[in-house]
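K.L.:
Listed below are the residues making up each chain.
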Amino acid sequence: MLGKILKYEFKSTYKIITPLILAVLVLSLILRFQLTAMDSINFNERAIGYQAGLGLSIFFYIMLIFATSIVTFIVLVTRFYKTMFGDEGYLTLTLPCQPDLLMNGKALAFFIWNLAISATCILSFFIIGFSKEVLGFIADMFDGLRSFIYEDLGVAPVIFYTIIILICLISIIMGIYKIIMCLAIGQLSNSHKVGFAVLAFLGTNFAVGIIDMILSLVFQLGNIGSIYSISMVIDDYSTAFFRTLIFTLVKYIVYTVVMYFISHYIINKKLNLE
Amino acid sequence: MEPLLQCIGLSKRFGPKFALANVNLNIFPGRITGLLGPNGSGKTTLIKIANGLLTPDAGRLTIQGLNPSPETKAIISYLPERTYLAPWMKVADIINYFADFYADFDVNRAYEMLQNLNINPDDRLKTMSKGTREKVQLILVMSRRAKLYILDEPIAGVDPAARDYILNTVIKNYDRDAAILLSTHLITDVEDILDDIVFIRYGQIIEADTADNIRAREGKTIDQYFREVFRC
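Chains as they are written, first to last, in the numbering used here: chain A, 1 to 274; chain B, 1001 to 1232.
Please keep in mind that the hints were generated in silico from the structure rather than gathered at the bench.
Simulated pairs of lysine-lysine, BS3-like, Cα-Cα distance not exceeding 25 Å: (1) A:K193 - A:K269; (2) A:K82 - A:K269; (3) A:K82 - A:K270; (4) A:K82 - A:K4; (5) B:K1090 - A:K4; (6) A:K82 - A:K193; (7) B:K1090 - A:K11; (8) B:K1017 - A:K269; (9) B:K1017 - A:K193; (10) A:K15 - B:K1090; (11) B:K1090 - A:K7; (12) B:K1126 - A:K11; (13) B:K1090 - B:K1126.
Next up, chain B with everything else stripped away, as it sits in the complex (with noise of 0.2 Å):
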């Protein structure tokens, strides 16, 4: 099977400090993998290379074979680690901006989830706590029917019971043969949803296998394995 994302000995630099060294990864269609490490490890890095948001110094990433690009974003939904609306607008506004630049965008499915939680579409974001923000990004984005789902930390600003909710919604709106790719430092929420796990450290690839296997291989959860790993 084709990996729909690959990197290829992918390096970024800040100044003297490598932010990513050498990274080699293939994500899969049809899987939830999960990019786990702590803060400062390069996981926003390689998301923002896949979006086209910094360019790699050495290396490659692709997505179908393609380097970041127009083509690549069509088919990337990406939910970043912040809140990227303006205030000022309505949801019902952000859903039009949405459906007139993205093609994969199903209006339908982004209203259903609204009423599921309780967001009126006339409400402006300015009026609206941090974490309903973050559901309606979620919303804005799981609305998508991309091929590369790319959430970046997308509990870490909502309650516990909203966790759930989301979690079910990121399973439940994506396609079968697309992906998804998770960044996260919340494992216990997120653990019993992932296919594959990814552990990166000072910007390098340190595991990449499935949960299955590391479950079996380690004896523990992924949560406590990541403890033993990335213990202080």
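Next up, chain A with everything else stripped away, as it sits in the complex (with noise of 0.2 Å):
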């Protein structure tokens, strides 16, 4: 069933977000062919049509890049709100499947969108980027990072990526539950659902920034930005960083848990359909 719902997810969305994928492959090529041609002409040779050309593709490969990220946005969240709560959640959710297994598969696939729109902006700097010059640079980088967990940290790099990669997947995770709660909760609005959907997101925003700072207060923990001010306070950098580091993961999947357990109620036990 999961596999049928994730089939019309994907066949419903992407007629408009592969064609913005593509574009930003395409429009990365040109810029690398741009580069490529600035880079084999002399500096005097260099028209100012070449640069004049560049910068446009730059200004608009930057645009593209904005563009995918929104409109991909827009199109899952509408997409959601429209199928479970507007007039389409009549057939949605009177389908022989559990309302959970709707709001997951629709959720899995907002996830996946969220992949697939980060691998091609990571594809992309490489398309435009990718030199034996940048990629020793990366290595340099990795190399130097290797030996600062080895060194200052005291761990092995496995755990300390498998933390930061955990940390990006269920932030994303956690993003796509807020949108589905507030949503839900905007629904339970008999007027300006999508008003209440709005209020509900910032009302939500507010409530975790209030338990972040209280739980910073009380534990002397905070985001990962504010490690260094933690590690001034408990003298001691490389537990301050984990601490940090497993503090942002736990309380993230606790947020994930809360968002989902309400979302789960509300779509399950108070459903307010037009």
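Mind assembling these two chains? They're in different frames, but the hints should get you there.
P.N.:
Structure below.
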């Protein structure tokens, strides 16, 4: 059943998102050729036309990256809302499967598209900047990071990377369930369902911010960005670093679980279709 | 005979107002039941509970003894009062969708009915009139070999000529051991096909009997009796 749900999620979204992904990759190739062409001619010979063309491509590239992220987000959120809480919900929610499976199937499609967009950005970066020098630079960077992890943090790099990857993945999942939860809260209103969903989103961010602040004060821990200030307090950089990483991971997992169960409760017990 | 759908003390409130208040009702296999009442009487709330779209505040509604669940959804074919199909989809896509999700969906029956109504399976819903979209929905719903068909205002949005086709479609396509629960306020059009009548007002069942009994007892058509009972 999950396979069927995913099939129709992708079928309804790929026609908009896939062309954007392809456009990013094609523009990356164009940029690559333009940069190669710039390198192969003398500085004095670089015509103003080349420079203007390159500038225009960079501008479009940046716009396209933004557009791809924003359009993908809007398409997926709209799709979820329409098929679960709009008129199409009358069909979706009377399919012979658990509402949880529907919700999680849609969340999984959301997650996969997010990964695809992230992968596209990384691939695009390699298309534009791939060279021996860049590869050498990346290799040097990882060597430096490796010695920092071993010598300063005293842990195996695989553990460090696993935690970082988990934090990235969980933060994407948390973001998806946060949106689902806010849409579910919004549909409880008999009018202004979208407005209430936006209010719920702002309220959730505010509440999460307050909880983060309280936890930081109580446990002297915070976000990854505040490791330096924490290390000043507990006077041990590696301990502070790891405590913060683990704390962040656990915090994201707890937030995700809470958001999941609120969404689960509303979709199973408090549906309020128009 | 065991009821296919059973309500026992079913209640649902929206704020302080009762949409359903202590409803007791049985729907039996092989019967076409008309759920009749004015706007806001609780018909759609009852139907939504049967389809798992709302949860009751008190009492129970069961289908073949089961609470609304994926198992009951697999045997109920539901036509809501609104268009629930994605407008960007072609009719053929929607048929595939139904065939994918419902094991009892009869693809051949669906294409046959589309042909009878001159509806092109390659047309997208957004290019169709409201009436044609409603016909497509009805075709999809009646192409399932379900145990219970729940039709919420199936003829409200179509022209009188199409109503006859729709009602004939309903009668011709349901299996004789299945039941139909049909909600409408256009009683004249459906009166002839109804076996049982349920009158509902302010969330309470005020009359539940066979259509023949009501006609014999009151000496009136169901439509005339309805107008008398629900006179404003």
